[in-house]
Structures are given as structure tokens and as C-alpha cells.
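Chemist: Letter by letter, the chains look like this.
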Amino acid sequence: MTDSIEQELARARTHLDAVTQLVAELPESPLLIQFCERIDALVDEFTWELGAQP
Amino acid sequence: MTTANALTESMSGLTATRFRDTALVRAVRLARDESPFHRWFYGDHAVDVDSVVDQRSFALHIPVARKAEYLRYQKLHPGTVRDDVRQLHLTSGTSGVGREVHPRTAHDLAALGTGGAYQYFWAGLAAGEKIMLTIPYSQTMAGPYFQASALAAGLVPTNAFTGSTAERIDMLQRFGCAGMSITPSYLHRMTAEAKRLGIEPKRSGSALRAIFLSGEPYGIEWAESMQEFWSATVHEGWGATQTLGVVMATKTGAIEEHGRGVLHGIGHRCLIEVLNPDGVAVAPGERGEIVVTTLRTRGLPSIRFGMGDSIRLLRDGFFPEFEAGSIGRIDDMIKIRGMNIWPSAVDAAVLRVPVLDYRAIVHTADNGSESVDLQLEIDAAADVDPNLMADIAETIKRTVGISMSISVLPTGTLDEQHFKSRRWTDRRAVR
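These protein sequence lines are chains V and S, in that order.
To convert, note that position 29 of the first sequence is 29 in our numbering; the numbers rise steadily by one, no gaps.
Heads up: take any position in the second sequence, counting from 1, add 1000, and you land on our numbering.
There may be inaccurate statements among the hints.
Claimed, not checked - If you want the ones that stay clear, here's a sample from chain V, every Cβ over 10 Å from chain S, calculated: (1) Gln7; (2) Glu8; (3) Arg13; (4) His15.
To be verified - Chain V side only, calculated, beta carbon under 10 Å to chain S, not exhaustive: (5) Thr2; (6) Arg38; (7) Ala41; (8) Glu49; (9) Leu50.
Stated by the list, open to error - Ranges of calculated distance between the beta carbons of each label pair, as one might list FRET restraints: (10) S:Ala1381 to V:Gln34: 49 to 59 Å; (11) S:Thr1162 to V:Ala52: 35 to 45 Å; (12) V:Pro54 to S:Ala1381: 55 to 65 Å; (13) V:Phe35 to S:Ala1381: 48 to 58 Å; (14) S:Tyr1137 to V:Phe46: 25 to 35 Å; (15) S:Arg1398 to V:Met1: 53 to 63 Å; (16) V:Phe35 to S:Pro1277: 40 to 50 Å; (17) V:Gln34 to S:Thr1162: 24 to 34 Å; (18) S:Asn1159 to V:His15: 35 to 45 Å; (19) S:Glu1224 to V:Thr14: 52 to 62 Å; (20) S:Gly1205 to V:Thr14: 48 to 58 Å; (21) S:Gly1043 to V:Thr14: 31 to 41 Å; (22) S:Glu1221 to V:Pro54: 42 to 52 Å.
Hints were generated in silico from the structure; no laboratory data involved.
The beta-carbon is built from N, C-alpha and C at its ideal position, and this holds for glycine as well.
Between the sequences and the hints, there should be enough to build the whole structure, so can you do that?
Modeler: Have a look at this one:
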């Protein structure tokens, strides 16, 4: 079960990285960049609580 | 007792050892690579971070850092702030030697409340329930931490750090708070006020089930009397600015069978070592200094940070256990007439109904001997046992080892303390 969650999370992280890169190219949208920063930090924290290490 | 996260709490044996070793290596390397303080500190101490491969080599090669070093660095490099800082937290300043600045990144803020959520779930609270927060919101970490811990557990914070004690009691009832976070000295005062107002939680069907104490030591009898009055279980959590919040907490309560309960270390988030003055790990049953290594902090991680707090270790391991209710400052000890006196022992003897609070003044008497004057504030509305002063004096003599003179101050003389009460003043001619 945990392995499945970790695999899905790794996929989600790949998607999130792609979103972050695209958002970084948007002009004058610091708010969206901060969303990406916060989501990334939460995913990192969630990963730790799965017993894995980012 | 409830579980907060079965995945981490069931970790044991080889899995736990591997997790801890990997986490320690990661933490110390991140500190070297990202934290300006640690780059400076390890350079100053010629530390080879790459030689750390597990907990044993970690303890062998990494020196204990202290508040003085943080402050020294911050004085040498004022204004050194990382680009990715999102909050700045100051330590409370109760040590009197200076206030550390702790920069927080987005990762720190995402992790800020997780330890507290463990504490709330362990105590049986559930998402959607309300928790009253009484500890002030300021530039210290306490305010953001308590909000974040409620958020992490899905609890609804009832913010009661302004207003009168009577208003807080009213909010406790009005919102049906299932939990309350509070210091022992302020709970003591709030209880006296509730009694004065004629409130009887036991009879009125209060929703309160868990009282979370932090910040100060307390006596067993006192904690039992609080449980009895509020009809709720007294819990304890320990954490600090340096640990990014709670890293040890009780599960079944701070009191167990008329003795002190157990604080459980949250081992996958923070390594808690208990060391003797020579820097050697103490054996279970012994007291020592709490030395912490945070595994989730990035802005200013604590890597073998000596807290200056002492605690009794009950069991070591990945999820260590400690004695609840007796955490004190190692540097709080006062030598009076050649005796080692810990203020926490006097707290335990004095703070009982109807005493609201006290101040202690150590001074040199006219005959040159050292004396302690205890000034008590008594609840004016309470029925005072005529033997109260004699009982307190006898308890102090028996448990602390010296006699102290006791007087009573008019009600309202002492300010309410909501966070880390300061009770002792040393006015001796020779210190």
C-alpha cells in the first residue's frame, strides 16, 4: 500500500515540477509561483510522513 | 490513546535504524550546504561532515552547538538572511542572554504543525473539534506554531490570547472546546477564576477532554487537582523554537497512577539525545541535558543543539520515552547556603489551591546569612485553610531541603503570566 502511494506521489511530483517550470515563465504571476512553492513543500512533508525521505 | 500516523509509529528495528541514519546524514549535509550558521560553525570547529555515515559517527564527529554560538554568529553576521526565508521567529528571551533569530523556509512552514498534530491525535482529539489557544501570538514561534498545529490536525483554533480570564472561560464554554493549550501557571489562575465564577465543568457537562501543558514544570498533586476540576486529562508536550515545535508528547496523559506519565519522542522528526555534563549519553533512569537534532528544519536546522533543559530518560531508542512534568533548566539551579535548589521543586510545593502565584526573592539577611522570601498571592475568594502556610513551609523544608520565609501579597499584586513565568529574583550581596 505504502509503495503504491509513494509511486503515485512520485508521478504527482513530476507533474508538479512541470507545472512549476511553466508557471515560472508566466509574466507577473508571483502568486502562482508561491502556490507552487507551498505545494512542493507540502508534498515533501507528506513524503516524510509516509516514512520515505525526499 | 489514539494513533496519529501508523506508518511512522509502527517503524521499528532495522527499518527505524536505517531511517534514522539516512535522515541524520541528510540533515547534517543539508545544514552544511544550506545554513550559513552551520557552514561557519563547522569551519570554525574543523568538522568533516562527510565522515558522518550513521548515528554513531554523527555523535562522534558533530560537536554540540549552543545558544551562545547562534548569538555569536548573528552578532558577527547581522542581517544574513537566506533568499528563501518566508518567516522569522525570535526566541522568547527568557534566558536573559539574547534572542536568537530563526529563519523559516516554505519547507519549515509546511512542517511547522506536524509534531503538534501528533500530540493532539495521541490525546484523542479529532479533526473538526475546537482547541483553545491561550499562549500569545507575537514574533516568537509560539503563535504561528499553534495555528499550524491546529491546521495540521484539522482542529478549529479558538484564539483566546487577548481578553480577560473570565472571557476566555466564557469562550471555552461557548465554543465547546475539546482541547486547551496553556501554561501550568496560567491554568492555575484560570482555575481559580472559574471557581470564583461558580463554574463547575464536571456538573455542567463541559466538552473539554484534553488540557495541553507546556513551558513550565508542575507537581503531580496539582495536575491531579486540575484533572479533577476540569474533568479532562492533563497532557504535556515539549518543544521549542529550535525544534520547530513539539517533538515529544504524552499519549495517555501527564499523570499515571498518581505518578508522572511518559513523554514519547517523535523519533522520525527529531533525534533527542540526553547527555551528561561530559557529553556522554545517560542511561535510562538518569537525568541529563536535552540535545536535539531536527530532521525537518531547513532555514536554521538544529544539529546537536544543546537546549539547556534537563529531563529524565526512561527508555532510549528510535521512539525514546521521558518523564513528564519535570523538565527544568540545567542552569536554573541556585546554590543557597551550599544547597542546590531548583525552582521547579518549589513550584511543585507552592502552586496549589488557593495560591494563585508566587515570587521568590533570594537575599542576604542582616546577619549575613542567605535567605529566601516567598511572596504568595492567594485567591481572595477561597476558603483558606488556617494551616496552609505551615503546610507549604513544611513541604518546602522536606522536599527542597531549606526553610523559607513566607508572606502573603494583596490579591492582584502579581501580573498574570501566560508564557514562561519568571518567579525568582536573586538580590544577594555576594552571588
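Chemist: Each of the hints needs a verdict: does it hold here or not?
Modeler: Going through the hints against the structure:
With a least CB separation of 15 Å from chain S, Gln7 (chain V) remains clear of the 10 Å interface cut-off, as annotated. Distance check for Glu8 (chain V) against chain S: the nearest CB is about 15 Å away, which clears 10 Å, and the non-interface claim stands. Every Cβ of chain S is farther than 10 Å from the Cβ of Arg13 (chain V); the closest lies at roughly 14 Å, confirming the non-interface assignment. Listed as a non-interface residue, His15 (chain V) keeps its Cβ farther than 10 Å from every Cβ of chain S; the least gap is roughly 18 Å.
Taking 10 Å as the C-beta contact cut-off toward chain S, the hint placing Thr2 (chain V) at the interface holds, the least distance being around 6 Å. Taking 10 Å as the C-beta cut-off, the interface hint given for Arg38 (chain V) holds, the closest approach to chain S being about 6 Å. At its closest, the beta carbon of Ala41 (chain V) sits 4 Å from a beta carbon of chain S; the interface hint therefore holds under the 10 Å criterion. Using the Cβ-Cβ criterion of 10 Å, the hint placing Glu49 (chain V) at the interface with chain S is satisfied: the shortest such distance is roughly 6 Å.
Contact between Leu50 (chain V) and chain S, as hinted, is supported at the beta carbon level, the nearest pair being about 6 Å apart and thus within 10 Å. Between Ala1381 (chain S) and Gln34 (chain V) the Cβ separation comes to about 52 Å, which falls inside the hinted range of 49 to 59 Å. Judged by the Cβ atoms, the range 35 to 45 Å given for Thr1162 (chain S) and Ala52 (chain V) holds: they are separated by roughly 42 Å. In this structure, Pro54 (chain V) and Ala1381 (chain S) meet the distance hint of 55 to 65 Å, their C-beta atoms being roughly 56 Å apart.
For Phe35 (chain V) and Ala1381 (chain S), the hinted distance range of 48 to 58 Å is satisfied, since their beta carbons lie about 54 Å from each other. Roughly 27 Å separates the CB atoms of Tyr1137 (chain S) and Phe46 (chain V), a value that falls within the hinted 25 to 35 Å. One distance hint, 53 to 63 Å for the beta-carbon pair Arg1398 (chain S) and Met1 (chain V), holds here, with the actual separation near 56 Å. Under the hint 40 to 50 Å, the C-beta atoms of Phe35 (chain V) and Pro1277 (chain S), about 49 Å apart, fit the expected range.
Range check, Gln34 (chain V) to Thr1162 (chain S): about 30 Å between beta-carbon atoms, so the 24 to 34 Å window is met. Range check, Asn1159 (chain S) to His15 (chain V): about 37 Å between beta-carbon atoms, so the 35 to 45 Å window is met. The hinted range of 52 to 62 Å is satisfied by Glu1224 (chain S) and Thr14 (chain V), whose Cβ atoms lie roughly 54 Å apart. For Gly1205 (chain S) and Thr14 (chain V), the Cβ-Cβ distance of about 52 Å falls inside the hinted range of 48 to 58 Å, so the restraint holds.
Between Gly1043 (chain S) and Thr14 (chain V) the C-beta distance comes to about 37 Å, which sits within the given range of 31 to 41 Å. A hinted range of 42 to 52 Å for the beta carbons of Glu1221 (chain S) and Pro54 (chain V) is consistent with their spacing of about 47 Å.
Comparing the model with each earlier hint shows no violations; every hint is respected.
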